[in-house]
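When you get a sec, could you build the whole thing from the sequences and use the hints?
According to our numbering, the residues represented by the sequence shown are 42 to 447, in order.
Heads up, a few of these hints could be off.
[What the hints assert, rightly or not] Keeping only pairs whose Cα atoms sit at most 35 Å apart, straight-line, the calculated DSBU-like set for lysine-lysine is:
1. K114 / K374
2. K118 / K173
3. K229 / K173
4. K173 / K248
Calculated directly from the structure, the hints in this document are not laboratory data.
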Amino acid sequence: MESRTLSSYRWVVLLVSCLIIFIADYIQFQLSALATEIMPALGIDVAQFSALLLAPLLAGVFVSIPGGSLADKFGAKIVVGVATAISVVLAFGRLVAGDFTVMLIMMLGTGIAPSVLQAATIKLFGAWFEDKMDFAMGIYFAAACCGIAAGLATSAFFPSVQDAYLWSSIAFAVILVLWFVLAKNQPKGAEVPPSEPVMQYFGVAIKNKFVWLIAIATGLGMATATNYSGILPQAMVEMRGVDIMAANNMAAFLTIVSIFGSIIGPVLCQRSGKPRLVLVVICILGGVVMIANWYSPMGIILWVLLCFNGIFSAASGPILQALPFQLPEIGLKYAASAGGVIGSVSLIISYVLPIGIGLIAGTDYTLNFILEGIFFAIAFIPVLMLPRSLDRKRSAAPEELEGSEA
Numbered sequence: 042m043e044s045r046t047l048s049s050y051r052w053v054v055l056l057v058s059c060l061i062i063f064i065a066d067y068i069q070f071q072l073s074a075l076a077t078e079i080m081p082a083l084g085i086d087v088a089q090f091s092a093l094l095l096a097p098l099l100a101g102v103f104v105s106i107p108g109g110s111l112a113d114k115f116g117a118k119i120v121v122g123v124a125t126a127i128s129v130v131l132a133f134g135r136l137v138a139g140d141f142t143v144m145l146i147m148m149l150g151t152g153i154a155p156s157v158l159q160a161a162t163i164k165l166f167g168a169w170f171e172d173k174m175d176f177a178m179g180i181y182f183a184a185a186c187c188g189i190a191a192g193l194a195t196s197a198f199f200p201s202v203q204d205a206y207l208w209s210s211i212a213f214a215v216i217l218v219l220w221f222v223l224a225k226n227q228p229k230g231a232e233v234p235p236s237e238p239v240m241q242y243f244g245v246a247i248k249n250k251f252v253w254l255i256a257i258a259t260g261l262g263m264a265t266a267t268n269y270s271g272i273l274p275q276a277m278v279e280m281r282g283v284d285i286m287a288a289n290n291m292a293a294f295l296t297i298v299s300i301f302g303s304i305i306g307p308v309l310c311q312r313s314g315k316p317r318l319v320l321v322v323i324c325i326l327g328g329v330v331m332i333a334n335w336y337s338p339m340g341i342i343l344w345v346l347l348c349f350n351g352i353f354s355a356a357s358g359p360i361l362q363a364l365p366f367q368l369p370e371i372g373l374k375y376a377a378s379a380g381g382v383i384g385s386v387s388l389i390i391s392y393v394l395p396i397g398i399g400l401i402a403g404t405d406y407t408l409n410f411i412l413e414g415i416f417f418a419i420a421f422i423p424v425l426m427l428p429r430s431l432d433r434k435r436s437a438a439p440e441e442l443e444g445s446e447a
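Next comes the structure, spelled out in structure tokens:
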């Protein structure tokens with residue numbers, strides 16, 4: 042694809058997209074920071090609390106595909122806007138949730154906006170950033186990591202759980218308004234592909250084997266990286282005798298470092314012009330680092346490996362998310378539908394794989410971390426099966442194009 046001059050308004054579109062994913066992840070991980078107050082208030086156990094925490098991700102399994110196909114049909118702005126409006130209403134609904142069932146519904150609802158947006162970003166960023174979209178995707182993923190970190194770090198400072206719910210919901214509502222005011226589907230003058238029935242968009246994406254390969258690779262990386270950081274504190278406390286505060290700091294450090302990984306991966310991809318090669322290196326080295334991290338002695342070596350662990354675990358996601366746009370059979374026209382398939386499949390893997398690893402490893406944390414590293418590494422197999430045409434030299438950065446957008 043030839044690269045056109047890019048409009049500077051693309052940064053505004055990226056900003057409002059980042060704001061949505063930031064606040065959505067902030068709201069989700071408020072639960073973790075407020076767990077000691079939420080659990081007794083709702084009368085729930087650890088398993089039920091985990092269900093609440095993961096509910097926004099579960100929503101993505103069901104809404105990613107229809108959301109992506111609708112975004113291809115009607116445009117990302119209106120579809121993401123409606124999804125966000127629903128999530129805002131249900132975010133406010135947390136204020137009146139007095140039991141597990143009601144809160145579960147509310148948390149499922151808060152996951153609609155980020156799930157639909159995640160599917161639509163391939164189309165949205167493809168229209169605005171073209172072959173530079175993997176860098177935009179990296180910033181978007183970094184914003185998601187920032188939302189998680191901010192939710193964990195600041196939620197406990199609110200006077201009460203209700204205040205935490207209220208102010209985050211108000212912020213969500215403000216961002217919704219900004220989305221409708223500022224978001225635009227494509228630059229002015231951009232060619233709009235002819236419209237097709239919604240099922241046609243879905244059919245093209247679901248039948249494309251390369252979309253499935255990207256989804257599998259994405260799911261393997263997401264499942265192992267998320268589960269690794271999730272069980273690390275408990276494993277460090279039980280097996281290594283680490284203080285609980287220090288163990289939690291290790292997990293927090295992984296999250297913070299992943300912000301940089303989200304940027305570094307796309308930068309390496311842009312510099313090399315060979316996303317397949319970059320992904321293979323990330324997968325293999327990332328898997329090795331995951332395993333080595335568990336075996337490393339306490340001290341500086343452990344923290345250095347944690348740093349590399351966080352970078353590698355986050356570096357592949359933005360690159361993979363941007364790849365469908367480069368597939369000739371998908372392109373801009375079917376990009377959001379492909380994003381929906383990738384979102385649903387990768388989230389299913391993210392649920393199933395950790396359970397399978399847990400059943401195999403049981404309470405053996407060493408085996409658990411070894412399996413996490415192995416499954417992270419073998420994501421290089423579906424990556425190698427992607428077409429060689431994805432490896433190409435990137436063109437020089439296009440000039441800025443000022444002006445109004447459509």
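### Restraint status (C-alpha distance of K114 to K374 at most 35 Å)
9 Å, holds
#### Entry: Given hint K248 paired with K173 - CA-CA distance at most 35 Å
26 Å, holds
### Distance restraint between K118 and K173, which requires alpha-carbon spacing of 35 Å or less
Cα-Cα ~21 Å, so holds.
### Query
Given the hint that K229 pairs with K173, does the C-alpha gap stay at or below 35 Å?
Cα-Cα ~18 Å, so holds.
Of the numbered hints stated above, none is contradicted by the structure.
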